[in-house]
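Asks: Each chain is listed here by its residues.
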Amino acid sequence: MTSAAPKKRLTTSAMIASFADPGQRTASAPFGHALNRLAEERPEIVGLSADLAKYTDMHVFRDAHPDRFFQMGMAEQALLGAAAGMAEVGLVPFASTYSVFATRRAYDFLCLDIAEPNLNVNVVGALPGLTTGYGPSHQATEDLAILRGCPNLTIVDPCDSVDIEQAVPALAAASGPTYLRLLRGAVPTVLDEYDYRFELGKAAELRTGRDVVLISTGLMTMRALQAAARLEADHVDVAVLHVPTIKPLDTEAILRAARTDRLVVTLENHTLIGGLSESVASTLAYAGVGNRVVPIALPDEFLAAGALPTLHDRYGLSTDAVVAKVKAELGGGKHAPWAADPEPATA
Amino acid sequence: MNTSTSPAVSGTAGAVDQAERIERIRQAAYRVRRNALDMGEVQGQGYIGQALGVADVLAVVYTDQLRYRPEDPHWPDRDRFLLSIGHYAIALYAALAEAGTIPADELESYGSDDSRLPMSAMASYTPGVEISGGSLGHGLAVAAGMALGLRHLGNGARVFNLLSDGELDEGSTWEAALACAHHGLDNLTAIVDVNALQADGPTVGVLRTEPVTDKWQAFGWHALRVDGNDVAALVDAFDELRAHRGSPSVLICDTRIGRGVPMLESREKAHFMRVEEHEWQLARDQLQEGTTR
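Residue numbers (the UniProt record's numbering), protein chains in the order written: chain F, 1 to 347; chain C, 1 to 293.
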């Protein structure tokens, strides 16, 4: 009888839950602190938010520099229009809200007021991709697809606190408009264990490997590194190419990594449509490279609400899911180190 | 013609004869209208009605109120005039030629290939054009940011944004209106051209925006409403707004489509007006007669 079965233990997570693993090293509000440090050196740095300073780590800047913070209220069109106006008079604004609102709601303002005049406005969007279990209203699963078609716009999808801390001054130093997919709150610290520096427009090979190359962006680079370590235990040698800048894309590094007989897998916290996987696929196709690309991305659908770890498992973004996907692709094929008889090349 | 700054600087400081001031602006308004007709003839059609209607407002703004240097359109201390209604470009170019920012003989290239004067005004194309309007409802938000930024920088320059009554349909206009009032931007002046006409017909039938003045006042703005084709009334209103402190100001200007050319004033009202080839000279003649009446 179902009534006799033990009640299923429910899982939930806060609306803006951290995606850090239990016990993982994290940094608190790396964006806010990085902006503060930058503001000490550059008096023209200002901050704006649309009633979400507290939830985009902008409150750190607001509290340290109240005279340089401008509250625009829950009005994203006014937020981005005003940020453009501030840049027009010589200031360097960072304007924060959730990614869904910056892109879906205020795109015309980002496009025409900021990108067309090529202004140094830095739009900071929190909750990119699947980083909240709150449902489609707050899950910016297609923000890259919306923005990649916007001329002049630089798009950055950072992996961790190290990326964010180093990206903030680089975004301000870039003369044109930028969009940062913000990881907020307790943000994992991962890349300090690698010989890595964020460089705008550049991909970085974080580890080398002979069997598989994972080309990843955003928080999925963290998962790619974890998956690579797990696969190493199974004697699968996995390389990881981190692509923090989605636009302009480091096509040279991608072609270098993909011109290979390794299995090529892309990983992104974004819908399959219009993000990293299609960028990599088109880069290869345009260059005449015929490799197959295996995408790990969110499905083309409105996602469920629920607890974030559950959702990352369900939609294939968890480390377990990444390992399973790579193994399934390798299983018995020519890439599998455990395969006794590699298939003939003429297959 | 302007030299390093507009006549407003000396005009407000000294005892300038008011009648002389008004007459000077009227002459400028005539030339703005004349420029607009010449440009309209290049295309044979266009936003001629709006240009004629708003010419008095632009003449007051560009020859009496704005501080700018025609030879240095990026002068940091300039007052900013933002045209969010990009389709009024024909009127703005006519005024910029009067202001000396663009050469008058360039007007004939209006809307043509490789021209610096595209049919919808864009900052990247034209000296003196501050923003790329056209997608309506953007100007006031950008103006808010400029006014906030200039105040933050201690720059005393003022920001003007010309909107149309049709543009009041856009919700973003009201988002920005809230923000301007909240931040007490008394260095910002909105100008609403109420010609009661928009693309699909009379504003009253498309989407009712009246009572316009009450709405701005309810949003916390200092609002005045004048006959936008009465130069003396416009000058008085702009002078009053210049002195106002503590909140943003809006000047609501009732204008008449085709003003100054009776043939076009009485024509069936059209958002995008067609004028026949033989009518352009007639229009110029009627404009000339009007100024000498």
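These are computed hints drawn from the structure, not numbers from a lab. Think of the CB as a built atom: it goes at the ideal place given N, C-alpha and C, for glycine as much as any other residue. Careful: at least some of the hints might be erroneous.
Which stretches of chain C does chain F cover? Using the computed rule of at least three CB atoms under 8 Å from a CB of chain F, they are [what the hints assert, rightly or not]:
1) 127 to 134
2) 141 to 151
3) 176 to 185
Short, incomplete list of chain C residues facing chain F, as computed with Cβ under 10 Å [claimed, not checked]:
4) Leu82
5) Met122
6) Ala123
7) Ser124
8) His138
9) Asn155
10) Gly156
11) Ala157
12) Val159
13) Glu170
14) Gly171
15) Ser172
16) Arg242
17) Ala243
Asks: Now look at each hint and say whether the structure bears it out.
Replies: Evaluation of the provided hints:
1. Coverage of a stretch by a chain is defined here by at least three residues with a beta carbon nearer than 8 Å to that chain's beta carbons; for the region 127 to 134 of chain C and chain F the count is 4, and the condition holds.
2. Counting residues of the region 141 to 151 of chain C whose CB lies closer than 8 Å to any CB of chain F gives 10, which reaches the minimum of 3, so the coverage claim holds.
3. With a threshold of 8 Å between beta carbons, the proposed coverage of the region 176 to 185 of chain C by chain F holds, since 5 of its residues qualify and at least three are required.
4. Annotation: interface hint on Leu82 (chain C) holds; nearest CB of chain F at approximately 9 Å, less than 10 Å.
5. Look at Met122 (chain C): its Cβ gets to within about 8 Å of chain F, closer than 10 Å, so that hint holds up.
6. Because the beta carbon of Ala123 (chain C) sits about 6 Å from the nearest beta carbon in chain F, less than 10 Å, this interface hint is met.
7. For Ser124 (chain C), the interface hint holds, the least distance from its beta-carbon to any beta-carbon of chain F being 7 Å, beneath 10 Å.
8. Restraint check, His138 (chain C) versus chain F: the minimum CB separation of about 6 Å is within 10 Å; hint holds.
9. The restraint placing Asn155 (chain C) at the interface with chain F holds, with a minimum CB-CB distance near 7 Å, inside the 10 Å limit.
10. This hint is violated: Gly156 (chain C) has a C-beta 12 Å from the nearest C-beta of chain F, more than the 10 Å allowed.
11. At its closest, the beta carbon of Ala157 (chain C) sits 8 Å from a beta carbon of chain F; the interface hint therefore holds under the 10 Å criterion.
12. For Val159 (chain C), the interface hint holds, the least distance from its beta-carbon to any beta-carbon of chain F being 8 Å, beneath 10 Å.
13. For Glu170 (chain C), the shortest C-beta to C-beta distance to chain F is roughly 9 Å, which falls under 10 Å, so the interface hint holds.
14. Residue-level restraint check for Gly171 (chain C) holds (minimum Cβ-Cβ distance to chain F is 8 Å; threshold 10 Å).
15. For the restraint placing Ser172 (chain C) at the interface with chain F, the shortest Cβ-Cβ distance is roughly 4 Å, inside the 10 Å limit, so the hint holds.
16. The interface hint given for Arg242 (chain C) is violated, since its Cβ lies 20 Å from the closest Cβ of chain F, which is over the 10 Å cut-off.
17. Among the interface hints, the one on Ala243 (chain C) is violated; its C-beta lies about 23 Å from the nearest C-beta in chain F, farther than the 10 Å criterion.
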